[in-house]
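Participant: Take a look at the letters that make up each chain.
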Amino acid sequence: MFACIFVPNFPLAALYRAQPELRAQPVAIFEGKPPLEKIFAVNDIADRAGIAPGMTKAQAELCSELTLRPRSLLQESTAHAALLDCAQSFSPRVEDAACDTALIDLAGMESLFGPLPEIANHLFQCAASLGLDAHISVASNPDAAILAARGLPGVTVIPSGQEAEYLAPLPIEVLFANYSIDQSKVDDEKNKERLNSIQHDQKEEDCFLETLTRWGIRDLRALAALPEIALSERLGQSGLRLRQLALGAVSHTLVPLEASPVFEEAIELEYPILLLEPLAFLLNRLLDQICARLSARALATQELRLTLELENFSNRPSAINDGRAKICFQRTLRLPLPMLDAKLFLKLLQLDLNAHPPGAPILKIHLAAEPTRPRSAQGSLFLPPTPEPEKLELTLARIVGLVGESRVGALELLDTHRTEGFRMKRFMPALMSEGQKHLSRNSVPGTRNSEATVAALRMFRPPLRASVTLENGELARIICSKKKEVQGTVLWKAGPWRSSGDWWDREAWSRDEWDIALQNSEGIVLYRLMHDLLGGDWFVEGTYD
Amino acid sequence: MSSAVFSTSAARSRHFIFDAESAPETGPDLRRPQSTVKNRQSTILSNVVPASQLEVRPAPQMVSSGIAALDALTGGLPRGCLTEICGPASSGRTTLLLAALAAATQRGEFCAVVDASDALNPQSVAYSDVELGRLLWVRCGENTLPKQNLPKEKKTFKSEQQYAEHSLEQLLHATDLLLESGGFGLIALDLGDLPPQTARRIPLTTWFRFRRAVEHTPTVLLSIERQSIAGSCSSLLLKLESHRIEPTNLPASVPVHTQLLTELKITAEIVRSRMERQPPCSEITFAGKTAWAG
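For the protein sequence lines, the chains are F and D, in the order given.
Residue numbering for the first sequence follows the working numbering, starting at 1 and increasing by one per position.
Residue numbering for the second sequence follows the working numbering, starting at 1 and increasing by one per position.
None of these hints come from the bench; they were simulated from the model.
All values reported here derive from a predicted model rather than from experimental measurement.
Ideal Cβ positions, reconstructed from N, Cα and C, are used throughout, including at glycine.
You may find that some hints are simply not true.
[As the list claims (entries may be wrong)] With beta-carbon atoms standing in for the labels, derived distance ranges:
| # | chain 1 | residue 1 | chain 2 | residue 2 | range |
| --- | --- | --- | --- | --- | --- |
| 1 | D | Ser282 | F | Thr489 | 55 to 61 Å |
| 2 | D | Arg272 | F | Gln330 | 50 to 56 Å |
| 3 | D | Ala69 | F | Asp532 | 37 to 43 Å |
| 4 | F | Gly523 | D | Leu132 | 29 to 35 Å |
[Said to hold, decoys possible] So the derived list for chain D, only partly shown, Cβ under 8 Å to chain F, looks like this:
| # | residue |
| --- | --- |
| 5 | Ile44 |
| 6 | Arg107 |
| 7 | Glu142 |
| 8 | Gln259 |
[Claimed, not checked] DMTMM-like, lysine to aspartate or glutamate: derived pairs with alpha carbons at most 20 Å apart:
| # | chain 1 | residue 1 | chain 2 | residue 2 |
| --- | --- | --- | --- | --- |
| 9 | F | Lys347 | D | Asp176 |
| 10 | F | Lys425 | D | Glu276 |
| 11 | F | Lys425 | D | Asp71 |
Just chain F, with the same shape it has in the complex:
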């Protein structure tokens, strides 16, 4: 058995995914180059108001309540990708029949998902969860399923052998796919060839439709009743094929889809957005859709790419586009682990945009997720506590917003003798947890391998500039203007120890280090004193504590 998912009025369905609030309004989509834009698709409410495809935009604008939107191929492609995700969540054998139609081979699926009506209902719910108002049909051959989905709304299950009965009342228009591609927006050579082929087929189908209409054939029952030989004499093999389709007797072999899934969602805005709050509202919608699509394929994501098209007013006035040139602003969110939580992603994006705002009004939002296998972790009762990856990621993002990106993370020592020879790297406990298994079995928890306690040095950042008084070439007195408590007579000293490095670089360094003891109000304090041999200044670097 085969199932077909068909999304009627596909350009509008793609628009509704991005802006569901438009469902209750009269909406028309236009395409073409100004000033020759024409109406391409209308919804039922606009149709009742008298707006029809083929009208010019100027004519349609006379209807004050009408909402006009330009056609967005990007939205349609993401809707198409969502349609395929829905299909592939049920079966690996899916044919991409058209941009608004997907065919699924249901062989062997009944043992997994239950009887055919249940599968059809699940398909309907899955498509609805992805924002698609689809027709679902199940039949014994793919072509009958396509025709039933095009003509019958809701969920239809055609028992085997009854295809002709179910298809009989459908209008003949269902035999002909009525979808066109905007030639001006196709850049790819391969797509151009396919485009030409589709346009040729459409012309032929228009011719057949016109002929059958003139003959008074209105539905598939009438077409199926035509004599075979007479039909072939007048319309040839194509006519015969149409008759077989009307009987539900044609079956083509499914061509499974092999394309790698792309998880992207986009929305073009009617007017630019200035604030981050309304942007968050739209991002929430896009993230919900992406996560639903990933979930349908049992995938997660470890990288989110947000691209915002910004408005930029150029200095030179231009008559064509009102002097506006578009610029792109991109942010990439890299997660330590595969995750699938739309609320978490939204919060992380909000925190990131708060720290790095776009700086200009936003015209278009494009969000892409890199799919990956979800993580699997086996819990254990006896492992030490570990921060939850999702909570920790949000906490770290909030702390970054507080102290800055380079001031929170894990330490990494660099291969240098320079004093501040370290850098901050990303804190990723999830990756460290896997190393817990490699802890030495001989080490007793709670004790260190080395018995000696190491005396620590506390740093002053930046180092404190000091005035040093020498007596007979020896350190006698230190004064720090910035920190009053770091001053006094040098009671004890050790040093100097000379070090230098990076002499081949611009950042060469050379220094003498001393360990000194000063008396202050709290007692005797041990400091590290540094003499910069290149600059000649003295600094107090830190305290032994």
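Model the placement of chain D on the given structure of chain F, informed by the hints.
Facilitator: Just chain D, lined up with the frame of chain F:
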């Protein structure tokens, strides 16, 4: 004119109620009409538990501080409690902190240090055998957050006091976030270089909130400071001192560079402990060797 104060219950000839089950019945004279006040009273009374029936709070689990002598004194550091370590500069606070971090990371736990003065030395951390990948370091102080839709601005501070207050604000906020996140074996607040007058500005309610946040969790909350500031919120308060360094009289022929700082002698004293364990003595002395001492 003399005045007398009467107990309300005595005035109504009612017994003081200790046990909700033995509440005396009121006679017809004292019966009140049904009201929400009476219902609320009975609800409150039903929740009153006599002292003899209170649950015994279990003693907190103790974990090693990384220093054997200190573990012998205190029994270790308590989980789910606030521990304060106070002392002047060069008293060994940071040495103890790094030892505790090393012990925690060796146990396989993750730790966090919220550093108010950005004073942590990575080389000292590495020498102390702390597993760097298990340590989260939050460096307070600078703020390079851009304002909305404007280029980045560095916040400028008019005085050291203002800078210290800003760091303190960041420390408190970051600590709240880390405690809420959970999952850390040890969270350390390093207030060691903050002026005491700034550190004392932390309200007791904040310490109370921190303590409640770690209660019933396996997290050790450690605070390093110059003077004790958490009051009764800390379950263990240790005071550290360094041994007085006597300047040696060197003969003229011995060059100064033969002197070497080899160890830091530290004295630790328990000022307050809410642990049931009786310490064998009130103070101990241990030494922190420098990394080059061998």
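Participant: A separate judgement is required for each hint: does it hold in the structure or not?
Facilitator: Hint check results:
{"no.": "1", "hint": "Ser282(D) to Thr489(F): 55 to 61 Å", "in the structure": "violated, 34 Å"}
{"no.": "2", "hint": "Arg272(D) to Gln330(F): 50 to 56 Å", "in the structure": "holds, 55 Å"}
{"no.": "3", "hint": "Ala69(D) to Asp532(F): 37 to 43 Å", "in the structure": "holds, 39 Å"}
{"no.": "4", "hint": "Gly523(F) to Leu132(D): 29 to 35 Å", "in the structure": "holds, 32 Å"}
{"no.": "5", "hint": "Ile44", "in the structure": "violated, 37 Å"}
{"no.": "6", "hint": "Arg107", "in the structure": "holds, 5 Å"}
{"no.": "7", "hint": "Glu142", "in the structure": "holds, 6 Å"}
{"no.": "8", "hint": "Gln259", "in the structure": "holds, 4 Å"}
{"no.": "9", "hint": "Lys347(F) to Asp176(D)", "in the structure": "holds, 18 Å"}
{"no.": "10", "hint": "Lys425(F) to Glu276(D)", "in the structure": "violated, 42 Å"}
{"no.": "11", "hint": "Lys425(F) to Asp71(D)", "in the structure": "violated, 33 Å"}
Checked against the numbered hints given earlier, the structure breaks hints 1, 5, 10, 11 and satisfies all the rest.
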